[in-house]
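K.L.:
Those sequence lines, one after another, are chains X and E. In terms of the UniProt record's numbering, the first sequence is residues 1 to 472. In terms of the UniProt record's numbering, the second sequence is residues 1 to 472.
Incorrect hints may appear among the rest.
One copy or any two copies: either way a pair holds, since identical chains are not told apart in the list.
[As the list claims (entries may be wrong)] Below are the DSS-like pairs computed for lysine-lysine, each with C-alpha atoms no more than 30 Å apart in a straight line:
| hint | residue 1 | residue 2 |
| --- | --- | --- |
| 1 | Lys415 | Lys28 |
| 2 | Lys15 | Lys181 |
| 3 | Lys129 | Lys349 |
| 4 | Lys15 | Lys301 |
| 5 | Lys303 | Lys15 |
| 6 | Lys57 | Lys96 |
| 7 | Lys181 | Lys274 |
| 8 | Lys455 | Lys274 |
| 9 | Lys96 | Lys450 |
| 10 | Lys23 | Lys96 |
| 11 | Lys274 | Lys15 |
| 12 | Lys28 | Lys301 |
| 13 | Lys15 | Lys266 |
| 14 | Lys320 | Lys28 |
| 15 | Lys303 | Lys28 |
| 16 | Lys465 | Lys411 |
| 17 | Lys240 | Lys349 |
| 18 | Lys266 | Lys23 |
| 19 | Lys303 | Lys129 |
Don't read these hints as lab results, they were simulated from the structure.
Number of protein chains: 2
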Amino acid sequence: MINWLIKRAQVSSQKTALVYRNKSYSFKEVYQTASHYAGQLASFSIKSGDYVGLLGKNNRETYFMIHAIHLIGAIPVFLNNRLTASEMNFQIKDSKVVCTFFDDSFETISRDLSGDCYAFSDVEAKTPKAFLPVEMDFSDVASVMYTSGTTGYPKGVLQTFGNHFFSGTASALNFGLNPAKDAWLCVVPIFHISGLSILMRSVIYGIPVFLEEKFDVASASEKLLGGEITHISVVETMLKRLLEVNQGPFHENLRVVLLGGSAVRKELIESCFKRDIPIVQSYGMTETASQIVALDTSLAKEKIGSSGRILFPSELHIEKATETDLDGEIWLRGPTIFKGYLNQAEATKNAFSNGYFRTGDLGHIDSDGFLYVAERRGDLIISGGENIYPTEVEHAILLDENVLEAAVVGKKDAKWGEVPIAHLVVRPTFEEERLVTILKSKLAPFKIPKSFHIKNELPKTASGKVKRHALK
Amino acid sequence: MINWLIKRAQVSSQKTALVYRNKSYSFKEVYQTASHYAGQLASFSIKSGDYVGLLGKNNRETYFMIHAIHLIGAIPVFLNNRLTASEMNFQIKDSKVVCTFFDDSFETISRDLSGDCYAFSDVEAKTPKAFLPVEMDFSDVASVMYTSGTTGYPKGVLQTFGNHFFSGTASALNFGLNPAKDAWLCVVPIFHISGLSILMRSVIYGIPVFLEEKFDVASASEKLLGGEITHISVVETMLKRLLEVNQGPFHENLRVVLLGGSAVRKELIESCFKRDIPIVQSYGMTETASQIVALDTSLAKEKIGSSGRILFPSELHIEKATETDLDGEIWLRGPTIFKGYLNQAEATKNAFSNGYFRTGDLGHIDSDGFLYVAERRGDLIISGGENIYPTEVEHAILLDENVLEAAVVGKKDAKWGEVPIAHLVVRPTFEEERLVTILKSKLAPFKIPKSFHIKNELPKTASGKVKRHALK
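The shape of chain X in the complex, shown without the other chains:
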């Protein structure tokens, strides 16, 4: 199949593809620029099918680099720019990238990264070489994003072009689509599936993405009031700030405010309804190429607390331990489910049963098929839209030899939704300051517990596993 950007440059050449810092780029212009970058990338010894690290941000250069990497048939491994060098190096080594490209603003951290690293300006300095745009297949890997899951060690999730395509069509079948008027505001990171999915939908639908460098409540409000934006993806903290700054409704053209991430407080949802804000709760993860369950806006008021129904044509199954349980493990099947974990045949095999992806999350469905998520996998903490896996943080804490036992749990937080806190059993020689120094060298700042609670012992199951739930 032809590369979708090339396709759009043919059939939607004059339509706007990107709006960045108030400058518009048509699909034709985007293709031309991405193609120029692709020619420059071709100067590096990258072959079709190679994995390349991409340490970018929500800016023009990163946007073009993603398209350029696809044009030469390579596969971007998206590095979360909030991670430490040590966290990034784990992913760089695990994915065996041939090299890493970074936005010039990450020059400092890049010095600590493994393997060959090139700044975007190094790419831009090259004379473009001729290259043949590489075709894509639905089963080809389009992107890799790392996620920890329950085991603690991050694994690279292989998202195919098919995953992105079917996620896009599922969303269009649910929300409808108006190719002449729709436009999606991207204030979430494009190294996360929430952001990348917007970029992919832009080329699949032939609609503009309004790309914002970061979530700026004033800038986002202005756009939501302006009438050009029909869709926005947000996490809870963003929504709260938008509601604080704006007292009334947004422009009537705004059709979908897609809310991902953590379960959201009922009061917040209700205050959206009062202001006619078309909030859509959803459920999804890196392995499902974004939302796979979403609430129809028309039913949102009746089903507060639900994440919605499984999108077309995917399937949801609740695997209960016993018949009488209310909640069971959420299993998912369909064309948006990831291909597997990179270089992890065993973990991939374990993640599936009967063709279903076992999410590790718990929940139930009501008689109308609406999903209620009770618990995210492995006690996942979602803080300002970022996933924090307790196991990973606990492993880092245990590097301090004065800590004997550790349990990390989420605590409700007015600003971030949740923040991590740690419960510890320690030696007399323990010093909190020293632990924090260790953690800072190992973990991204958002993962570092906001408080440490010293205990005599931690609650455990009969088999000796810490009962994190009992600590909440």
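Chain X is already provided as a structure; the job is to place chain E on it using the hints.
P.N.:
Structure of chain E alone, referenced to chain X:
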């Protein structure tokens, strides 16, 4: 993947799926009834993967039978109900169907059909058996329709569920989609891809199909004026009758009047624009699971005469005999292209080059990528080394207002190889001499028909296309 009707019965249970003779059926009701039929079909010895003949019409029973056949995993071979028994028997034998189900109104012809044949009432008389709904895969065959193509012998076109899905999404990406309001009026036969594709889109989109037993201009007009219908598929003759009966525009909710089949006269298109009728020209065939090229309504006025641009994400290539040719063979590639011809490995192989389906049709694309179809396959007349396209001659003939219908075909000629001749339906005031004067002013001498044959009517296909082949 789960059967799409079951899926819709889950996620869109209360939405209207079918409106037939002013009675509405929700997706849940459609599933229940289709499921009942499926249980009755299970009483016949049909296995998943079996081909079964289906001689139906645009009615309630045929609609449910199609869904029922899919539920048990069998594959309907659609018999065109205008064929003779001998033509149907060719298809029945060629496809090796295990049996044929027919609407009771075809009892007479059914006596002359080969193999086991059962009336729908035979099915309805059975006590339903328990059955397990069969899952579907994008690569599974969903439907078989026979088409002659260039070779003369009809071949069974294998259309997969994937073909139907991607055709549906391509159409939605082009025209947009409003799942809450869209509704498609089906006045074309459901044994043709133009009709079946509407039924498939109904379950893919979760929107109603308004099924009409036949094209009745009064009934269709009433619906197009009523506001419930957003889409209709028509052929040229239907459009002309609709325009004759209605002087003004239709309801503003009507978004798409999808025009398939033959190339259409400019005057007809222009008269649609004058009345704000959202006419969309398209190009497609049985092998492409309906439209694969369509004109955006926004560009329709600028590109009169074009069938539009290739739909996302398919590809179009013009294969020219020599560089200097204007027209070349239209080649198509993408996920809506059929899987092959049933039991015809050789013909299937010959139909493809470099992964492209060779349509046999001729055309060219302009610098904006718009396709202009010069000639549908098999009708090209070659006379003394010059190419003559019947459509062009017919358009010229129709400039004479005393001519109502025209079909130009090639006739063997000792001197020139072939010469064009015309078959006409005319008004009593027609004068051949006057027509020839008009033609001489419009066409090169070699293109002017060597004889004119006055007929009471021209042979047409069920979808209203003139069968030039039958006139040869």
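K.L.:
Please go over all the hints and tell whether each is borne out by the structure.
P.N.:
Now the hints, each set against the structure:
| no. | hint | result |
| --- | --- | --- |
| 1 | Lys415 to Lys28 | neither (41 Å within a copy, 44 Å between copies) |
| 2 | Lys15 to Lys181 | both (11 Å within a copy, 26 Å between copies) |
| 3 | Lys129 to Lys349 | neither (41 Å within a copy, 37 Å between copies) |
| 4 | Lys15 to Lys301 | between (36 Å within a copy, 18 Å between copies) |
| 5 | Lys303 to Lys15 | between (37 Å within a copy, 17 Å between copies) |
| 6 | Lys57 to Lys96 | within (22 Å within a copy, 59 Å between copies) |
| 7 | Lys181 to Lys274 | both (26 Å within a copy, 24 Å between copies) |
| 8 | Lys455 to Lys274 | neither (33 Å within a copy, 69 Å between copies) |
| 9 | Lys96 to Lys450 | neither (34 Å within a copy, 71 Å between copies) |
| 10 | Lys23 to Lys96 | neither (36 Å within a copy, 61 Å between copies) |
| 11 | Lys274 to Lys15 | between (35 Å within a copy, 26 Å between copies) |
| 12 | Lys28 to Lys301 | between (42 Å within a copy, 22 Å between copies) |
| 13 | Lys15 to Lys266 | between (39 Å within a copy, 27 Å between copies) |
| 14 | Lys320 to Lys28 | between (51 Å within a copy, 26 Å between copies) |
| 15 | Lys303 to Lys28 | between (43 Å within a copy, 20 Å between copies) |
| 16 | Lys465 to Lys411 | within (20 Å within a copy, 69 Å between copies) |
| 17 | Lys240 to Lys349 | neither (39 Å within a copy, 60 Å between copies) |
| 18 | Lys266 to Lys23 | neither (38 Å within a copy, 40 Å between copies) |
| 19 | Lys303 to Lys129 | neither (55 Å within a copy, 37 Å between copies) |
Hints 1, 3, 8, 9, 10, 17, 18 and 19 from the earlier list are contradicted by this structure; the remaining hints agree with it.
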